[in-house]
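Undergrad: Input sequences plus hints: build the corresponding full structure.
Residue numbers (numbering that gives the first Met the number 0), protein chains in the order written: chain H, 0 to 84; chain E, 0 to 204; chain A, 0 to 385.
What the hints contain is simulated information worked out from the structure, not anything from laboratory work. Incorrect hints may appear among the rest.
Residues from chain H that keep clear of chain A, each with C-beta distances beyond 12 Å, as calculated [unchecked claim]:
(1) Glu-6
(2) Asn-28
(3) Glu-45
(4) Gln-59
(5) Gly-64
(6) Val-73
(7) Thr-83
Dumping the calculated DSBU-like pairs for lysine-lysine here, alpha-carbon to alpha-carbon at most 30 Å [to be verified]:
(8) H/Lys-81 - A/Lys-120
(9) H/Lys-57 - A/Lys-204
(10) E/Lys-28 - A/Lys-191
(11) H/Lys-65 - H/Lys-80
(12) E/Lys-43 - A/Lys-191
Computed, partial: chain E to chain A, Cβ under 8 Å [claimed, not checked]:
(13) Glu-65
(14) Asp-67
(15) Phe-69
(16) Glu-73
(17) Asp-74
(18) Ser-84
(19) Glu-90
(20) Ile-96
(21) Asn-100
(22) Ser-105
(23) Phe-109
(24) Leu-113
(25) Phe-133
(26) Glu-145
All values reported here derive from a predicted model rather than from experimental measurement. For glycine and all other residues, C-beta sits at the position ideal for the given N, C-alpha and C.
Listed below are the residues making up each chain.
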Amino acid sequence: MNEAILELKKQIIEVLNLEDICPEDIDENAPLFGGGLGLDSIDALELIVLMEKNYGIKLQDPAEGKAVFKSVSVMADYIEKKRTK
Amino acid sequence: MKITCSINITPNKVVVNGKELNYTERGEKLLTAIYRRQINDYPKFFKMDSLCRLGFVASELLLNGEPDRFKPREDRAVVFFNSSSSLCNDENYQKTIQDKNNYFPSPAIFVYTLPNIVTGEIAIRNKYYGETSFYVLDRLDIESMEQIINDTFQDLTTKSVLGGWLDCKDKDHFEAHLFLIKDEETSSLTNWDKIIINKIIYNKQ
Amino acid sequence: MGHTMIVKIADNIISPLGFTTERNYQAVKAGESSIQLHERHWGIPEPFMASLFKDGEIDNEFDKLRSTCKYTDFEKAIILSIDKALQQTAINPSSDRVQFILSTTKGNIYLLDNKNEGFSKERALLGVSAQYISDFFHNPNRPIVISNACISGVCAQITAMRCLQSNRCDAAIVVGCDIQSRFIVSGFQSFKALSPDQCKPFDVKRRGLNLGEAAATIIYGRKNRTDVDNNEWLVCRGAIRNDANHISGPSKTGEGSFRALRTIIQEKDIPQIAFINSHGTSTLYNDEMESIAISRAGLQSIPVNSLKGYYGHTMGAAGILESILSMQAVDDKNILATRGYETCGVSHPLILSNQNRPTDKQAFIKLLSGFGGCNAALLFKRGGLL
Numbered sequence: 000m001n002e003a004i005l006e007l008k009k010q011i012i013e014v015l016n017l018e019d020i021c022p023e024d025i026d027e028n029a030p031l032f033g034g035g036l037g038l039d040s041i042d043a044l045e046l047i048v049l050m051e052k053n054y055g056i057k058l059q060d061p062a063e064g065k066a067v068f069k070s071v072s073v074m075a076d077y078i079e080k081k082r083t084k
Numbered sequence: 000m001k002i003t004c005s006i007n008i009t010p011n012k013v014v015v016n017g018k019e020l021n022y023t024e025r026g027e028k029l030l031t032a033i034y035r036r037q038i039n040d041y042p043k044f045f046k047m048d049s050l051c052r053l054g055f056v057a058s059e060l061l062l063n064g065e066p067d068r069f070k071p072r073e074d075r076a077v078v079f080f081n082s083s084s085s086l087c088n089d090e091n092y093q094k095t096i097q098d099k100n101n102y103f104p105s106p107a108i109f110v111y112t113l114p115n116i117v118t119g120e121i122a123i124r125n126k127y128y129g130e131t132s133f134y135v136l137d138r139l140d141i142e143s144m145e146q147i148i149n150d151t152f153q154d155l156t157t158k159s160v161l162g163g164w165l166d167c168k169d170k171d172h173f174e175a176h177l178f179l180i181k182d183e184e185t186s187s188l189t190n191w192d193k194i195i196i197n198k199i200i201y202n203k204q
Numbered sequence: 000m001g002h003t004m005i006v007k008i009a010d011n012i013i014s015p016l017g018f019t020t021e022r023n024y025q026a027v028k029a030g031e032s033s034i035q036l037h038e039r040h041w042g043i044p045e046p047f048m049a050s051l052f053k054d055g056e057i058d059n060e061f062d063k064l065r066s067t068c069k070y071t072d073f074e075k076a077i078i079l080s081i082d083k084a085l086q087q088t089a090i091n092p093s094s095d096r097v098q099f100i101l102s103t104t105k106g107n108i109y110l111l112d113n114k115n116e117g118f119s120k121e122r123a124l125l126g127v128s129a130q131y132i133s134d135f136f137h138n139p140n141r142p143i144v145i146s147n148a149c150i151s152g153v154c155a156q157i158t159a160m161r162c163l164q165s166n167r168c169d170a171a172i173v174v175g176c177d178i179q180s181r182f183i184v185s186g187f188q189s190f191k192a193l194s195p196d197q198c199k200p201f202d203v204k205r206r207g208l209n210l211g212e213a214a215a216t217i218i219y220g221r222k223n224r225t226d227v228d229n230n231e232w233l234v235c236r237g238a239i240r241n242d243a244n245h246i247s248g249p250s251k252t253g254e255g256s257f258r259a260l261r262t263i264i265q266e267k268d269i270p271q272i273a274f275i276n277s278h279g280t281s282t283l284y285n286d287e288m289e290s291i292a293i294s295r296a297g298l299q300s301i302p303v304n305s306l307k308g309y310y311g312h313t314m315g316a317a318g319i320l321e322s323i324l325s326m327q328a329v330d331d332k333n334i335l336a337t338r339g340y341e342t343c344g345v346s347h348p349l350i351l352s353n354q355n356r357p358t359d360k361q362a363f364i365k366l367l368s369g370f371g372g373c374n375a376a377l378l379f380k381r382g383g384l385l
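TA: Written out as structure tokens, the structure is:
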């Protein structure tokens, strides 16, 4: 698992309180939402906060988030391109 | 009205229908231990704030073994009382906005800055479409609790109430005194009245 | 209904639009709104639309009461509202037959901030704050606080009805209030729930809610059916129901809202109802959910309105403030306009308008929803319908 993806997975697990999940349990190419992690609308809003807090990326609304949070890989790519921190 | 089940949880003790359960964990860890032993298949537990975790595990112990447990119903009200409201978690939320240079308001924490959210969590878990209410008093006043819960039955749809005191001062200091109260004639059950409630809460059974 | 009726004795609204019910009703009827853009307010980076009291507005009015004790803005607004309502009655608030019932979501929460005006953090406890308020009036009963998210204002009225029906009190002073703060605004911003401009309930272009602050009081009493006057207001049936779906997102089937409506309405009531005063917060999800619930309940041919376009969402005050204005409207043979509405943007068409509409019907429904999946509905009728 590459370093950035591992780091992102750990952050997601932490901010979303996924207590019984390890980075190995998350398939970085599988859909984050609508998949087995049971994430909901509040989780999507928390990921928006994560993007700004950890990477300085400001997403405007849940609609914009939908495309970015498609999977961990898509998120990681987006962060790579847009991060300011 | 009759009490069909009662539960008391404090940081050091778990009592169901007057019998103490065997737990060595204390404080916040006690709640997690109850979750692990009693439920362990509801990961949402770990997103909940302390007040919700307390109410959630207490209600799980109270409802354990009830026939047709998860059948959707509108005839059960969830009515809680406390004196701290959601202050325990409000302090957590305040931390996310306190510092202007580190200002990141958290929606996952903000959603729990209302005390009634715990009634919603219980309604979701058990498919209760009935009344859910939350009252704040300046202290644990048994007479007020008794009267308001009795009044809840004025809604003729309501045939039972999952209710009582649910207070959380911080993650390691809390108390839950919950009851399942039913509108039943069965004389062998305990009466829902302030003398009996007092005995159960202060463990003088 | 049996022989005991729950009647409104008096009411008051304290808001940025005025300090009397009459002034508030006239302002709303004329289409006024106190919602404005606030920039860099309370150190919040993002600007927000809200209806807020002007600095010193509450203080100046409260000073007239010549109190020697210190109170927070939240408490002052409540005391003022109760005082003005009481002045319309012969009720002695220090009687043990009078019960105070307070509806609020966050009370004195801004005291958690460092700038806490010299009050201890203990004052942020709702029961403590309520006790200070009830002590102002020398009332000996423990005040009851309802903190049930945004439906608190209707819940408080239901609690009052039940208390009066049980004969534990002869008058119930029901007051709702929330004061806005960094705490509350930042939280709703984190939910991306706020509109950058004027809110537009049920409109196709709606983008979220505006926040507001107010205090509103209704004093309820009990009367025999035979003693009720034609123009007296009765609160008839109330119900609270849960969606059992999600703690913050509204139910796609409008479950709790539908069940609450279904519980309070009988077939014979429907032709009497002038309008449903909805929650109508102008979020994408809430307004859609309400249209589904109203439709499921078979009430889609009853006019609907929302008052959020005048005051924003006043949270703990909303259920009481909006009930009072609705009573005033029916007395005035009027259905108040839904300010901000232009084109229907919900999947179940409702009879909405941005103009005042005439009516000669004498009943209405107050509908609300809140975080925690809770919903509440309250049926009001004028005595003439008995």
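Undergrad: Closer than 8 Å between Cβ atoms is the bar; does E/Ile-96 clear it against chain A? Give me holds or violated.
TA: 5 Å, holds
Undergrad: Does the interface hint hold: is E/Ser-84 within less than 8 Å of chain A, judged Cβ to Cβ?
TA: Since the shortest Cβ distance to chain A is 5 Å, the answer is holds.
Undergrad: Quick check on the hint: E/Glu-90 CB to chain A CB, less than 8 Å?
TA: 7 Å, holds
Undergrad: Would the hint on E/Asp-67 stand, with a C-beta cut-off of 8 Å toward chain A?
TA: 15 Å, violated
Undergrad: Does the no-contact call for H/Glu-45 survive, Cβ to all of chain A over 12 Å?
TA: Contrary to the label, H/Glu-45 does not stay out of reach of chain A, its closest Cβ about 9 Å off (not over 12 Å).
Undergrad: Are E/Glu-73 and chain A close enough, Cβ to Cβ, to be under 8 Å, as the hint says?
TA: Given a least distance of 6 Å, the restraint on E/Glu-73 holds.
Undergrad: Is the hinted pair H/Lys-65 and H/Lys-80 satisfied, with a Cα-Cα distance of at most 30 Å?
TA: Roughly 17 Å between the alpha carbons, so the hint for H/Lys-65 and H/Lys-80 holds.
Undergrad: With chain A as the partner, please determine if E/Phe-69 meets the hint condition of a C-beta pair closer than 8 Å.
TA: Hint on E/Phe-69: violated, closest Cβ of chain A at ~11 Å, above 8 Å.
Undergrad: Interface hint check: E/Asn-100, Cβ to nearest Cβ on chain A, cutoff 8 Å. Holds or violated?
TA: Not OK, violated: E/Asn-100 not within 8 Å of chain A, min 11 Å.
Undergrad: Hint check: is the beta carbon of E/Glu-65 less than 8 Å from a beta carbon of chain A?
TA: 16 Å, violated
Undergrad: Classify the hint on E/Phe-133 as holds or violated, based on whether any CB of chain A lies nearer than 8 Å to its CB.
TA: 5 Å, holds
Undergrad: Over 12 Å from every CB of chain A: does H/Gln-59 meet that, or does the non-interface label fail?
TA: 8 Å, violated
In terms of the numbered hints stated before, the structure departs from hints 3, 4, 5, 8, 10, 13, 14, 15, 17, 21, 26, listed from lowest to highest.
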